[in-house]
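4 protein chains.
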Amino acid sequence: MTLLADLLSTVFERRYRQRSQHVHDNRPIEELAEALVGSAGETSGLALASDILSAFEAMDDAQKLAFFNHIATAMNIDPEAVRDTLVAYKNGPSKASYRAFASAAEPRRQELIRRLNGVPGATAALVRMRADLLRLSDKDPQLEALDLDFRHLFASWFNRGFLVLRPINWESPARILEKITAYEAVHAIHSWSDLRRRLEPSDRRCFAFFHPSMPDEPLIFVEVALTQGIPGSVQNVLAEDRAPLPADQADTAVFYSISNCQAGLASISFGNSLIKQVASDLSAELSGLETFVTLSPIPNLTRWLTAQGIDWSDAVPEDLKTLAASYLLTAKGRGGVPYDPVARFHLGNGAIVHAVHGDADISDKGRAQSGGTMVNYLYDLNNVAQNHERFANTKEVVASAAVQTLAASTTITQT
Amino acid sequence: MTLLADLLSTVFERRYRQRSQHVHDNRPIEELAEALVGSAGETSGLALASDILSAFEAMDDAQKLAFFNHIATAMNIDPEAVRDTLVAYKNGPSKASYRAFASAAEPRRQELIRRLNGVPGATAALVRMRADLLRLSDKDPQLEALDLDFRHLFASWFNRGFLVLRPINWESPARILEKITAYEAVHAIHSWSDLRRRLEPSDRRCFAFFHPSMPDEPLIFVEVALTQGIPGSVQNVLAEDRAPLPADQADTAVFYSISNCQAGLASISFGNSLIKQVASDLSAELSGLETFVTLSPIPNLTRWLTAQGIDWSDAVPEDLKTLAASYLLTAKGRGGVPYDPVARFHLGNGAIVHAVHGDADISDKGRAQSGGTMVNYLYDLNNVAQNHERFANTKEVVASAAVQTLAASTTITQT
Amino acid sequence: MTLLADLLSTVFERRYRQRSQHVHDNRPIEELAEALVGSAGETSGLALASDILSAFEAMDDAQKLAFFNHIATAMNIDPEAVRDTLVAYKNGPSKASYRAFASAAEPRRQELIRRLNGVPGATAALVRMRADLLRLSDKDPQLEALDLDFRHLFASWFNRGFLVLRPINWESPARILEKITAYEAVHAIHSWSDLRRRLEPSDRRCFAFFHPSMPDEPLIFVEVALTQGIPGSVQNVLAEDRAPLPADQADTAVFYSISNCQAGLASISFGNSLIKQVASDLSAELSGLETFVTLSPIPNLTRWLTAQGIDWSDAVPEDLKTLAASYLLTAKGRGGVPYDPVARFHLGNGAIVHAVHGDADISDKGRAQSGGTMVNYLYDLNNVAQNHERFANTKEVVASAAVQTLAASTTITQT
Amino acid sequence: MTLLADLLSTVFERRYRQRSQHVHDNRPIEELAEALVGSAGETSGLALASDILSAFEAMDDAQKLAFFNHIATAMNIDPEAVRDTLVAYKNGPSKASYRAFASAAEPRRQELIRRLNGVPGATAALVRMRADLLRLSDKDPQLEALDLDFRHLFASWFNRGFLVLRPINWESPARILEKITAYEAVHAIHSWSDLRRRLEPSDRRCFAFFHPSMPDEPLIFVEVALTQGIPGSVQNVLAEDRAPLPADQADTAVFYSISNCQAGLASISFGNSLIKQVASDLSAELSGLETFVTLSPIPNLTRWLTAQGIDWSDAVPEDLKTLAASYLLTAKGRGGVPYDPVARFHLGNGAIVHAVHGDADISDKGRAQSGGTMVNYLYDLNNVAQNHERFANTKEVVASAAVQTLAASTTITQT
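Protein chains in written order, with full-length UniProt numbering: chain S, 1 to 415; chain G, 1 to 415; chain L, 1 to 415; chain C, 1 to 415.
Just so you know, these hints were derived from the structure itself, not from any lab. Errors might be hidden in some of the hints.
No copy is singled out in the list; a pair is fine if it fits within one copy or between any two copies.
[Claimed, not checked] With a straight-line cut-off of 25 Å between C-alpha atoms, the simulated DSS-like cross-links for lysine-lysine are:
1) K365 <-> K139
2) K95 <-> K365
3) K64 <-> K332
4) K276 <-> K395
5) K64 <-> K395
6) K64 <-> K365
7) K276 <-> K90
8) K179 <-> K395
9) K365 <-> K276
10) K365 <-> K395
11) K64 <-> K139
12) K395 <-> K332
13) K139 <-> K179
14) K365 <-> K90
15) K139 <-> K95
16) K95 <-> K64
17) K179 <-> K365
18) K139 <-> K90
Given the structure is predicted, the values throughout are model-derived calculations rather than measurements.
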């Protein structure tokens, strides 16, 4: 109830916000940024921040890059000031000397970003701004440092405690649903009918994380199929003509698609929390659920096989399964972690490699990236914390006996 | 709609949260804190954070102080590391060297607080934790530095863009209303009937700011009376037997009580935003409103008069008015700002001193602090930004001609 | 979601409604009523209906009685017309002849009441109107017939399918809570603290039925205590200093107070549905609940004992228990149904007499009406339908063996 | 707030309802219906009602027709009983004799329908049942009489005071939006993109009436375009490439499509209320709106012209306009009302014929029914009540001077 009241108010607030208008300040954006960081109070600050965000959104890429370069350099730390305040603090630790040091050690561009965020609705604009930065920075060290500041603040603002899990279903607003369709990154949604088949049947669920300051923008979402037993192909999961299963007859929840939605939130991780929260919620709702498992792509399999000089193009599904099992257990990237990014994600979350399937994704994309193979990662809620720790410490890939046997039947080794 | 869906989910989420249980980690809280800051992933992190918060809430003051001292010292910056990474960055600015510096320059206790905040519901616990810190720190420089870190993070988390304005009325949940009663700091609310008289009549309004992660806790609230003309005493405003005015007949909105609710959010300022947002919302709703004004206490008047050697105890209301006007325009504190804290707040927001009244608060408290005088600060929405800038730059107290004339009729000067 | 959107709209609608104004029609209310029943369209109809409702609310009792008498007589059926249309229909059944008969056989006052109900918000006004009618009719046969028409329409409008069950708790709006306090008819609520003790603890629940067109008015509510075992006194249930039980440790739900709220809905029965819906909902939420039982007053015990010439005033609790058991099992009213109204209600719902307690309600009211005794009626959800049928057919009072034994130990018989 | 709480509960309630299961009663539906009407209490009643509704939905048309015939005859009034109770009442008017008469004069099938409606969710099932009845009754007098009973009850249950107006927009649930698409009866919606163009732009609005017991089913909806000036063609209104107008710049609200959604609610009129409520709400929201007008089809124009022996197929738009104006002003149906059903509706609501346009709907349907002409009916909120009365009394078609002049320029007369 309490929260509902909240929301109502917010709706009003959003309306008023759109009405509120002020005379725009036409100084160059760099001057506005200086003025905002220097402004004493929020009175002029909010208007300045609003003007900066509007001006930025209207810029072309060259102008945006110039703005990023400006704040990356002109609002960077001053090493002399850091050194001096550090010495002063070390010699005489006090509230004042610590404050001086903390102020000097943090680049003013961080305060700029924080003040920009004071405008209602600004958070989404800042996320878009960082997406521009990532797109335009091109490994420039100054811009990469600026991005670290964005990332530092975003990690604080998008912490798990602030996020809200929301079911996405056929009752959800069209505005949200069209974004789900646009953001689906694993198995494309081709039409409203296709979307409906993933949301409305009794054995389908979808959940997304939202941030209260970006209520129209999902951050990440997961699509779930409720099944009897673990499915071995995504064609079966998405078959148009299948008969839906009553939810209370399901023993397995299959996470068959997880998509990040915001380019500007790259490296801010939500997926682990999402899967665990959804598994926990489904478990509480449906007492028959015993198994939580993914049906995941193996995005880099064929690329890696090719790099190993293995011609896989004529292999039969059974052989591809074997290759996939071997790849998942043995192919390593930098630092000894699994070469496969999806494997890294789920193993890092505490899941294990449970089963590998051939002819499991026969779409063009599935054929191209993995010869049609897919993999189930198993989330055993009782062991997930230990698995996570073990993986974090040893990088060891834990797999079921069946997958180990399968992998052992090949002799592929990483060159 | 979008937002409403959000909220619904949150309600479920809160329920599940309460159910989620894990085996508690019984290591000393200091070890848990080290483990949390060192933990790689959120899997173990959330459990650790939850354990730390629970352990802290169960501590007595001595234990809390010990914990604060531990993190203030053991999780402080390492000056050598700061210096070394600063030099490395200066000599070779890169993403890696900047990351190393930024990491060294921020005390690990900030990361601790951020990670604690990852637990759903933790924000309120951290606000209570800072309230404990403020209560116990006793000007210890280490603890004051620790508090600066809390404040730094809170300013980021409680930025205006994240706050939600909510009307408080007779439809509000009892749980919120009892907190409004408890937190009212200006004119005490004596009973549910008294509360009702401030919320239900057509000419009464109340608004509060909330943070989405603390939906049960108002942060600050303001009580408003809609009137014809500017009232000269709080007795009139709160009279039990008055006839309510239809809202659309009001020409004036009187902010007669503003209360901060959270000791743990000291120095995080919301009042300015609150008044302006409420004025803007009321203005949009009720087109007849022309004047936005406070009816404010003058909390330090008699203390100051006494300090000046002026015996005011037998003064008639008319003389007290003159003394009050003179005090508001001339009494200065450190740095040349007004001595009166309420005056500082409203003048800093861009209001002006509009009128002074005798016999305006005849409660014991009103008599004691200001001889019964009160003051109207006027918010002229067209001039508030300029007034704010002018006050910020010059510290000059702007007052109406009437108040200036009144003040000029005394000869009090600050010793 | 769907429903939430609904509600939002309704909120707006209510606001607009208050704004909508029309020129009032100042003809006598009887003329307005004739015009309303005669009006062809809703255009003029809504304004007429609104004027009639406003005029009625402003009347004194004598005027109201005159209005009731007018519509009871001037808008009654015309027996000649009924007879003629009946004959016509019998001789030539057709759509037209049936319509003519149906129209003649229904008094025009029914159409009046239906048209009055077309005004948004009118339902509550009509419920109040019937409360006035019941209060003023004084066994006048014409007014009693008019009341049958009200009751006929209300039974249709307040059917179970239109009602909404809503939990009442410490999150509920103050506006609703003050009505709960006012309407509690069994164990008076003395203060907001008392109310809070019945709503907020983990082992307390309260539910009410609402009608969508009267969202501010509970129709009936029940207070529930979650306990271990069946309590034998209301003092224990309401003890101020008891330690709340975690809800998931309860094995018993005790319905200790049921109150009808609307005098104007007399004889429209909701209690049976309420108890069964609440039992069903609690059962779904708390899997540990095994027993659903009331702790009920025996309102007519002492009156009946006195009527039997039995002086009970010095009886010890143990003897009063015996008298109560005997009374519940043997005292009959007209038609052979139990003399006790609360017994009639619960036995009619399919409950059985489970246990009788002495010193169970030691309030003045409890002492006066039942010598302090109370009774548990047991709702066994598996047998409730059969019990109901059996009671409806045989009027037999089913009781536990213990109560039967207790009753058998006295020799009271009804004179 | 109050209402929101309500809704939340209802959501829960709906969930529980789906869970509630009982052993089905397999007697023939006619026996179940008899048992339901005869049942004393709601305990067995709800289960019976639920069984009847389920059984009915599973029937084929022949079975449904048999069921309708059964209740039309076996549950009809008993003329002897009506006559006897009428005589008794006339001779001795009392509560008892009135009750006996009222009971005899109402066919038992009405009580059957009322009791069926006691099941949560039953209202929508009964609306579908009546749609079946209308489809199958084929002018059978018994079934037409049964339909009058349905209609009598539906008029009571779907009275204006119970309906909720809800905006339909791009935030609305997909479940509702797909129904809007399906129910649009004037200008077909071809795709989700087409739907979006009617809902999302700043100058588009849509509103629907809902009944609280059928929250997923719109009853009637209207689509509105906000424009500058009165548009003369639906192609312009629906043009894909038009630039949306900011809502506050509009001076005109155009109702360009009104669709009834429920076949089972035929003859229960909502359109008048809908238009007036929407006009009133828009007027309150957008103070710039001065004109409320429809852009309506002329569905029977060509049929009528053909019936008059007028070959219109080669007429130019200008001539068709003239023919349309003449038709609207002069073509009469039975009882002297306008021949055109849309004209009857809007004139009956108090609108006037404002303008006629050629080439205004160049779709196949528009060409076929009216040679592409359309008409604006003007709702002048100040005159609508008088116009309504005048039309009700005189059947006179009020039109603007321009339309009158246009009509006068032809010599068509009705044969």
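Handout entry: Status of K95 relative to K139 across identical chains (alpha carbons, at most 25 Å)
Key = between (38 Å within a copy, 9 Å between copies)
Problem - Intra/inter-copy verdict for K64 and K365 if alpha-carbon distance must be at most 25 Å - result: neither (35 Å within a copy, 52 Å between copies)
Practice task
Give the relationship of K395 and K332 under a CA distance limit of 25 Å: within one copy only, between copies only, both, or neither.
Solution key: within (10 Å within a copy, 65 Å between copies)
Handout entry: Same-copy or cross-copy closeness of K365 to K276 [CA-CA at most 25 Å]
Key = neither (28 Å within a copy, 54 Å between copies)
Exercise for the section: Up to 25 Å between alpha-carbons, please classify K365 paired with K395: within, between, both or neither. Expected result: neither (29 Å within a copy, 67 Å between copies)
Problem - Same-copy or cross-copy closeness of K139 to K179 [CA-CA at most 25 Å] - result: Answer is neither; intra-copy 30 Å and inter-copy 51 Å both fail.
Practice task
Up to 25 Å between alpha-carbons, please classify K95 paired with K64: within, between, both or neither.
Solution key: Between copies only: 20 Å across, 38 Å inside.
Handout entry: 25 Å Cα threshold - placement of K365 relative to K179
Key = within (22 Å within a copy, 35 Å between copies)
Exercise for the section: Please work out whether the CA atoms of K64 and K332 approach to 25 Å or closer within one copy, between two copies, in both situations, or in neither? Expected result: Neither: 38 Å inside a chain and 46 Å across chains, both beyond 25 Å.
Problem - Intra- versus inter-copy proximity for K90 and K276 (alpha-carbon distance at most 25 Å) - result: neither (44 Å within a copy, 42 Å between copies)
Practice task
Evaluate K95 and K365 at a C-alpha cut-off of 25 Å and name the case that applies: within, between, both or neither.
Solution key: neither (59 Å within a copy, 35 Å between copies)
Practice task
Using 25 Å as the alpha carbon limit, work out where K365 and K90 are close: within a copy, between copies, both or neither.
Solution key: Neither way: K365 and K90 sit 59 Å apart in one copy and 47 Å across, limit 25 Å.
Hints 1, 2, 3, 5, 6, 7, 8, 9, 10, 13, 14 from the list above are not met by this structure, while the remaining hints are.
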